[in-house]
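**Student:** Note that the protein sequences, when read in sequence, are chains A and B.
Note that the first sequence covers residues 1 to 148 in our numbering.
Note that the second sequence covers residues 1 to 148 in our numbering.
Don't take every hint at face value.
Since the list gives no way to pick out one identical chain from another, each pair is judged satisfied if it fits inside one copy or across any two copies.
Subject to a maximum C-alpha distance of 25 Å in a straight line, what follows is the list of computed SDA-like cross-link-like pairs (lysine to any residue) [stated by the list, open to error]:
1) K143 - M58
2) K53 - S25
3) K134 - Q118
4) K145 - S25
5) K145 - E130
6) K145 - L125
7) K21 - L41
8) K99 - R80
9) K143 - Q118
10) K145 - S35
11) K53 - K70
12) K143 - P50
13) K143 - D111
14) K143 - E107
15) K145 - R100
16) K21 - K81
17) K134 - D83
18) K145 - S119
19) K87 - T122
20) K143 - I116
21) K145 - I104
22) K143 - H31
23) K134 - E107
Simulated from the structure, these hints should not be mistaken for lab results.
Keep in mind it's a predicted model, so treat the numbers as computed, not measured.
Number of protein chains: 2
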Amino acid sequence: MNQNRHSIDFNIKATWLAIQKMYNSLGANAHITHSNGFVLLNIDPESGTPATKIAPLMGMEARSLSRMLKTMEDENVIYRKDDNADKRKVIICLTEEGKRKREIAREVVRDFNAEIRQSIPTEQLSAFLETIRKIAEIADDYKNKKII
Amino acid sequence: MNQNRHSIDFNIKATWLAIQKMYNSLGANAHITHSNGFVLLNIDPESGTPATKIAPLMGMEARSLSRMLKTMEDENVIYRKDDNADKRKVIICLTEEGKRKREIAREVVRDFNAEIRQSIPTEQLSAFLETIRKIAEIADDYKNKKII
Numbered sequence: 001m002n003q004n005r006h007s008i009d010f011n012i013k014a015t016w017l018a019i020q021k022m023y024n025s026l027g028a029n030a031h032i033t034h035s036n037g038f039v040l041l042n043i044d045p046e047s048g049t050p051a052t053k054i055a056p057l058m059g060m061e062a063r064s065l066s067r068m069l070k071t072m073e074d075e076n077v078i079y080r081k082d083d084n085a086d087k088r089k090v091i092i093c094l095t096e097e098g099k100r101k102r103e104i105a106r107e108v109v110r111d112f113n114a115e116i117r118q119s120i121p122t123e124q125l126s127a128f129l130e131t132i133r134k135i136a137e138i139a140d141d142y143k144n145k146k147i148i
Numbered sequence: 001m002n003q004n005r006h007s008i009d010f011n012i013k014a015t016w017l018a019i020q021k022m023y024n025s026l027g028a029n030a031h032i033t034h035s036n037g038f039v040l041l042n043i044d045p046e047s048g049t050p051a052t053k054i055a056p057l058m059g060m061e062a063r064s065l066s067r068m069l070k071t072m073e074d075e076n077v078i079y080r081k082d083d084n085a086d087k088r089k090v091i092i093c094l095t096e097e098g099k100r101k102r103e104i105a106r107e108v109v110r111d112f113n114a115e116i117r118q119s120i121p122t123e124q125l126s127a128f129l130e131t132i133r134k135i136a137e138i139a140d141d142y143k144n145k146k147i148i
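This is chain A alone, in the form it adopts within the complex (with noise of 0.2 Å):
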């Protein structure tokens, strides 16, 4: 079986590709990454987020997250603040610009999600979302079960 385009797995990342895809064309113009704007949208606009809490919301490798973190720094999106309660903590803020930039992304996401729902009905839909969760499950599941 070559990794063709009837296997589950196969149809996931291409339809995962091309959501990125569009992402990155509609954000472009703003300067927003989909990988960007997603962390974006992952701090809080008003109190911030701890900087620990950010990669397993992304589903990300802490080091990954780490680098984007500095790039979106030096861009000057987002600023460090040391926790008040826990001094080792380290607490991600959105700058001005920042904030702009997660309202654009909120927007962009909240839209394509709106236009899925206007073309898919309702019903099946929920279908599909109990069935890629599923199939999240066995993912992880799978993982732990086979040794090469």
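Model the placement of chain B on the given structure of chain A, informed by the hints.
**Tutor:** Chain B alone, transformed into the frame defined by chain A:
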């Protein structure tokens, strides 16, 4: 709206990340990542595959693939061969080690897809594939529709 657990794109991304993690975990002992495993699967083990054909098959940018191929060449899983018919073309071929790794990747992908087919009824899975392809189409169309 937050990019929350109910949004469609969030679920697709999260599931793809779970699958990616599972493949990386299962391939770790054999030093196969999900992405170079996927490259291996897209190379014909007998006749090789033109370099220019691989990127579109993977939905990748040519530049990112080029870096990956360089690494895989250094690791001695692939080699480059000139095309006899067209000297400007390069054919990517698998070394014996590459063929061995491709076979492992093929089995892992086949077994994971079989596991899904065993856990989810055929009809539910068909409906799922239909919906996810539709979402990919919507993303493709949406990319051209909206300018920020």
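**Student:** Now look at each hint and say whether the structure bears it out.
**Tutor:** Against the structure, the hints come out as follows:
{"no.": "1", "hint": "K143 - M58", "result": "both (19 Å within a copy, 23 Å between copies)"}
{"no.": "2", "hint": "K53 - S25", "result": "between (28 Å within a copy, 23 Å between copies)"}
{"no.": "3", "hint": "K134 - Q118", "result": "both (24 Å within a copy, 12 Å between copies)"}
{"no.": "4", "hint": "K145 - S25", "result": "between (39 Å within a copy, 11 Å between copies)"}
{"no.": "5", "hint": "K145 - E130", "result": "within (23 Å within a copy, 29 Å between copies)"}
{"no.": "6", "hint": "K145 - L125", "result": "between (30 Å within a copy, 22 Å between copies)"}
{"no.": "7", "hint": "K21 - L41", "result": "both (18 Å within a copy, 23 Å between copies)"}
{"no.": "8", "hint": "K99 - R80", "result": "within (15 Å within a copy, 48 Å between copies)"}
{"no.": "9", "hint": "K143 - Q118", "result": "between (35 Å within a copy, 16 Å between copies)"}
{"no.": "10", "hint": "K145 - S35", "result": "between (31 Å within a copy, 21 Å between copies)"}
{"no.": "11", "hint": "K53 - K70", "result": "within (16 Å within a copy, 35 Å between copies)"}
{"no.": "12", "hint": "K143 - P50", "result": "neither (29 Å within a copy, 33 Å between copies)"}
{"no.": "13", "hint": "K143 - D111", "result": "between (34 Å within a copy, 12 Å between copies)"}
{"no.": "14", "hint": "K143 - E107", "result": "between (35 Å within a copy, 14 Å between copies)"}
{"no.": "15", "hint": "K145 - R100", "result": "between (45 Å within a copy, 22 Å between copies)"}
{"no.": "16", "hint": "K21 - K81", "result": "neither (33 Å within a copy, 32 Å between copies)"}
{"no.": "17", "hint": "K134 - D83", "result": "neither (38 Å within a copy, 45 Å between copies)"}
{"no.": "18", "hint": "K145 - S119", "result": "between (38 Å within a copy, 15 Å between copies)"}
{"no.": "19", "hint": "K87 - T122", "result": "neither (47 Å within a copy, 54 Å between copies)"}
{"no.": "20", "hint": "K143 - I116", "result": "between (31 Å within a copy, 13 Å between copies)"}
{"no.": "21", "hint": "K145 - I104", "result": "between (42 Å within a copy, 16 Å between copies)"}
{"no.": "22", "hint": "K143 - H31", "result": "between (36 Å within a copy, 15 Å between copies)"}
{"no.": "23", "hint": "K134 - E107", "result": "between (28 Å within a copy, 22 Å between copies)"}
Checked against the numbered hints listed earlier, the structure breaks hints 12, 16, 17 and 19; every other hint is satisfied.
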